[in-house]
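There are 2 protein chains.
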Amino acid sequence: MSEAEDFLKVAHAAREAATVLAPMPRAPKDTALRVVADALVAATDEIVAANAVDVDRAREGGTAEAMIDRLRLDADRIAKIAEAVRQVADLPDPVGEVVRGSTLPNGLELRQVRVPLGVIGIIYEGRPNVTVDAAALCLKSGNAVLLRGSSSAYSSNIALVKIMQEALARTDVPAGAVQLVPGLTRESVKHLMRARGLVDVLIPRGGASLINSVVEESTVPVIETGTGNCHVYVDADADIETALEILVNAKAQRPSVCNAAETFLVHAAIAGEFLPRALAALKDAGVTVHGDERVCGHGADVVPATEEDFATEYLSLDIAAAVVDSLDDAVAHIRRYGSAHTDAIVTRSQGAARRFTATVDSAAVAVNASTRFTDGGEFGFGAEIGISTQKLHARGPMGLPELTSTKWIYTGEGHVRDSPRTVTDCAGR
Amino acid sequence: MSEAEDFLKVAHAAREAATVLAPMPRAPKDTALRVVADALVAATDEIVAANAVDVDRAREGGTAEAMIDRLRLDADRIAKIAEAVRQVADLPDPVGEVVRGSTLPNGLELRQVRVPLGVIGIIYEGRPNVTVDAAALCLKSGNAVLLRGSSSAYSSNIALVKIMQEALARTDVPAGAVQLVPGLTRESVKHLMRARGLVDVLIPRGGASLINSVVEESTVPVIETGTGNCHVYVDADADIETALEILVNAKAQRPSVCNAAETFLVHAAIAGEFLPRALAALKDAGVTVHGDERVCGHGADVVPATEEDFATEYLSLDIAAAVVDSLDDAVAHIRRYGSAHTDAIVTRSQGAARRFTATVDSAAVAVNASTRFTDGGEFGFGAEIGISTQKLHARGPMGLPELTSTKWIYTGEGHVRDSPRTVTDCAGR
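Chains as they are written, first to last, in the UniProt record's numbering: chain A, 1 to 429; chain B, 1 to 429.
Simulated from the structure, these hints should not be mistaken for laboratory data.
For each residue, glycine too, the CB sits at the ideal point set by N, CA and C.
There's no promise every hint is true.
[Unchecked claim] Derived pair list, reagent style SDA-like, types lysine to any residue, alpha-carbon separation capped at 25 Å: (1) B:K283 - B:T242; (2) B:K80 - A:P105; (3) A:K9 - B:K283.
[Unchecked claim] Rough simulated footprint, nothing fancy, chain A against chain B, three-plus residues with beta-carbon under 8 Å: (4) 171 to 183; (5) 367 to 381; (6) 393 to 404.
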């Protein structure tokens, strides 16, 4: 069989499973997730053996040890993965929630109810734990899932999906609801991106180039996630101590993640007081500052920033910096260079906070708080499939409700329509 | 200037206007809409003259009189268009609505607030009233709009957009918020479809081929609207009188719209009793029935249905019909041939209604009611930009809130994050 045929086989299997899974209530889904969690722990040796193949191949290929560590699975990590599945089982089920409803003037009973999206395709890089996390979140929200992980974790992913499918086969949830996209080539990603009608939504998780290529090529609707060029703006009215703490935390607490700060902007009125202390504090935290001309004057260690620095998501202990003459200039800078993920203002001024939150057009805007709080766990969602940086469907951290659509149900007693055509009536046709 | 440069000019103007419009509160937007309504009425002669150019061209081109009538604008129709704009001004503003919010355990105050999408592109066919309707709905929801109407209405649309822009120039709403995409060629649509970053969402309104081509080619996120292959399923437990009334209403009350029924299915147990009466009632209403073999036996006037009939959105006084052996067979038929717009069941059985609403995966599911009620006006939205048949972002009739996104705002007092990495923390990176 060709890779294309292989793909169609698993996609149709997922579609069929989705049909069975969609109307399923919470209890059998939770039971199935707990069976999956137990099965993963029971299969620890098998998973570790499969993972060793990936780790050996990575090492032979000269992959850096830090990356190999991200790839590695051991008994402790597998136990944590299984525990995360049990936590998903404990979360409320978004499916069936009545979002809106009313009795219309004519007596029709109308309600809008959450339903699963159907089949979700997830394209991701890196750690094999995502294979299980994503599958658990999709199952819980009544969706079948097509997983397309990194080729570097292919052996691990084959083992994990096989174990999950075997576990599901002992439950009411159809085993076909979790599928690995077969193949390692770029073609196998293309099959997924062109599977309109079979796949309801694609969620790419990873670097900017992966996400851009999916957005460009996919005919399946896409939810963009994760690119985070986040800013901290230190206003003229900022409390200096607060600004220092937030800046260092936003940059250095965990620099490799999407909600870490990549640029800070400081109002000219406070730059003279703030910058020497900020540069010192960042240096203490091991951070290299790439500053514009007005920043460079305040410290010997500042690397002159190029235009590109302001557009870069470093994901490292580097930060770009600029002095701005007004809050509006800060907002304009963020609009120009940012990725509309999370941007923060530090200020004591209510007016400045109000203007910043109203005019910065990002998924999240923080006032006197670190950008690092933009996270499904921190927001109390209990789980997160990614952070959407697009405006359609979901924006910001995506929990279980963001993996659903809705359906309108209306009930009458022989209601027929006799009203004349309205301006809204399928207008345009 | 080339058409591409012309397009970029209006798209950038719309983008700039969107930035000003987005944080604007309700009052100035409503005022602007009322100014626009008055300006349209005041410019009746100018609009009628521009429209006459389109009407003459259509007539010379041999366009059918029914289509020419859809295109024609007169004083009465212009007054109605203006009145619809005033009605939009009277609707609540979705922007600024707090959708969710809480104080997190650490004291961060978190809220999710509705914000405009930004720049909305609308591609539509037919009637020039859509030019004004769509502009009013976009402005009210804080969005700039790029309008790409039918070339058959190009003169009318130029006049309408010019009048709206001139009216807006006398208000606080930037005149650039309403833009006509320049040019008449298919290329001008392509510019819109490739304007990722400048345009936030595209809404195609029209026939299936328009919508499919936009979905295939657009890199801008798309909301699919309007294709309606709607079904009426007459269950074994249906009340015959109710079923007849609903069937005739769903098909014949207004056959040219997307929520009209295009197929009816009848359970074998009731077919013998129902079909002769249904065929007679449909004949009386001027409807041609295209039936499968089991339907053909019940009436001399039934045209034998081909496979294609069941997949067709007639939008005329035609309906396909089939006998099914069970509710599940009816659902399977709808899943195979339907467009996931609206499907209805007629039944006295609570169990059948429950199973049908749970397993039919459509934007709207009706119980003992005509499919014709799937409409923003009927649902009480006050206005409708279209009916989404996709699952992402919006499903079913789209009112003003469906033209918005959300933004998370969190406020602290120097909050920094010290929690360790969680499983959800930008997972996959």
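Against the structure, the hints:
no.	hint	verdict
1	B:K283 - B:T242	holds (17 Å)
2	B:K80 - A:P105	holds (24 Å)
3	A:K9 - B:K283	violated (45 Å)
4	171 to 183	violated (count 0)
5	367 to 381	holds (count 14)
6	393 to 404	holds (count 4)
Against the hints set out earlier in the document, violations occur for numbers 3 and 4.
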